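Whole structure, please, built from the sequences with the hints as guidance.
First residue of the sequence shown: 149, per the numbering used here; consecutive thereafter.
Source of the hints: derived by calculation from the structure; they are not laboratory data. It is possible that some hints are incorrect.
[Said to hold, decoys possible] Straight-line distance between alpha carbons at most 30 Å, and here's what the computed DSS-like set of lysine-lysine pairs gives:
no. : residue 1 : residue 2
1   : K246      : K311
2   : K242      : K314
3   : K236      : K314
4   : K347      : K190
5   : K393      : K244
6   : K190      : K291
7   : K347      : K314
8   : K311      : K242
9   : K216      : K393
10  : K236      : K341
11  : K160      : K393
12  : K160      : K171
13  : K314      : K254
14  : K246      : K314
15  : K169      : K341
16  : K314      : K212
17  : K343      : K171
18  : K236      : K311
[Stated by the list, open to error] Cβ pair distances, simulated, as ranges:
no. : residue 1 : residue 2 : range
19  : I318      : S233      : 27 to 37 Å
20  : T211      : S260      : 28 to 38 Å
21  : V220      : S357      : 51 to 61 Å
22  : D187      : D344      : 17 to 27 Å
23  : E280      : A210      : 15 to 25 Å
Computed from a prediction, not measured in an experiment: that's the story for all the values here. Note that CB positions come from ideal geometry on N, CA and C, so glycine has one too.
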Amino acid sequence: VNREHNTFDLDKSVERFAECKAKANNTEVVWWDVHGNHDETKECRWMYPPVTATVGPVVYGATKSSAKRPNVVYTQWIHNGQASSSQKTTIERKTKHKKTATWHVKGGFSYSGSTEASAGFWKIVDIGTEHEISLDLKGGYRKEVSDTETFSVNDVVTVPPMKSVKIEWIITDDVQEVLWTSPVTLTRYFAIKFKDALKGRHMWFYSLSSLQDSRLQSVCARHETFLYTARGTFTAVEAHEAQLKVTEHNVQA
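Next comes the structure, spelled out in structure tokens:
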């Protein structure tokens, strides 16, 4: 287990189980096989089919955090040293502002087969024409997609006599962090061949329940089917509003 990201690594778990079994019986592992690749396993496939891992789609859950994050994208100072006349200034600007969607895998699933889940975009995010992305469930994996929005401002600011004004164009982002899960359905058997015969046989087949990992939930004991739930966070950053902030100051003598 990769404790840093709490990843369930199927191949490493099987390898560790095989080595422990061999050690307990004073022998060695010749090979272990989760895919049924070895010729010797093929004649037993009807009775002990190889492991399959089926990855389900990403399902969004509770909001972990929500915040508004202001970004000052333009600043201008205007000074009016006239004693009695106001001064008008037009602020006309355009800017491109980035919005992002980021998936981070915290509780991952690793396997020598495919470990990709399909992920749709969470409700508030609209990024280009993409509707779905492919997400690798390996622990620590991070995927970011982004797009840009164009914002414009055209406003007249009045500066009173003997005043300076500070003009700030602020785009405030809405930052949402959401928890997600992806179900991984695991079923069937893995094979181990030992150097010395155990109870008269060199090759043995084991159910995934033999791994005795609490993260594997039994779904159907009769068909040796188990569920592992991959987990992570999704962060959406998207503009909420754009505004001009005008602050008056006395002109320094």
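Okay, the hints, checked on the actual structure:
Restraint check: the Cα-Cα separation between K246 and K311 comes to about 35 Å, which exceeds 30 Å; the hinted pair is violated. The suggested pairing of K242 with K314 holds, with an alpha-carbon distance near 18 Å, which does not exceed 30 Å. A hinted pair counts as satisfied when its Cα atoms are at most 30 Å apart, and K236 with K314 qualifies at roughly 14 Å. Straight-line distance between C-alpha atoms of K347 and K190 comes to about 21 Å, which keeps the hinted pair within the 30 Å bound.
For a cut-off of 30 Å, the pair hint linking K393 to K244 stands: about 19 Å separates their Cα positions. At roughly 38 Å between alpha-carbon atoms, K190 and K291 are farther apart than 30 Å, so this suggested pair is violated. Taken as a hint, the K347 and K314 pair is broken in the structure, with Cα atoms around 85 Å apart against an allowance of 30 Å. A distance of roughly 27 Å separates the Cα atoms of K311 and K242; the hinted pair therefore holds under the 30 Å criterion.
Taking the CA atoms of K216 and K393, the gap is about 16 Å. The hint holds against a cut of 30 Å. For the hint pairing K236 with K341, the CA-to-CA distance comes to about 86 Å; that exceeds 30 Å, so the pair is violated. Simply put, K160 and K393 have alpha-carbon atoms about 57 Å apart, too far for the 30 Å limit, and the pair is violated. Between the alpha carbons of K160 and K171 the distance comes to roughly 16 Å, so the proposed pair stays at or under 30 Å and holds.
Using a Cα cut-off of 30 Å, the hinted pair K314 and K254 is violated, with the two alpha carbons roughly 44 Å apart. Among the hinted pairs, K246 with K314 is consistent with the structure: their alpha-carbon atoms are about 25 Å apart, no more than 30 Å. Note on K169 and K341: the hinted pairing holds, with a Cα-Cα distance of about 11 Å set against a maximum of 30 Å. For a cut-off of 30 Å, the pair hint linking K314 to K212 is broken: about 36 Å separates their Cα positions.
For the suggested pair K343 and K171, the alpha carbons sit about 11 Å apart, so the restraint of at most 30 Å is met. Between K236 and K311, the direct Cα distance comes to roughly 12 Å. Compliance with the 30 Å bound is thereby established for this hinted pair. A C-beta distance of roughly 29 Å is found between I318 and S233, which places it inside the suggested range of 27 to 37 Å. The supplied range of 28 to 38 Å is met by T211 and S260, whose beta-carbon atoms lie about 35 Å from each other.
For V220 and S357, the hinted distance range of 51 to 61 Å is satisfied, since their beta carbons lie about 58 Å from each other. For the pair D187 and D344, the supplied restraint of 17 to 27 Å holds, since their beta-carbon distance comes to about 21 Å. Between E280 and A210 the C-beta distance comes to about 22 Å, which sits within the given range of 15 to 25 Å.
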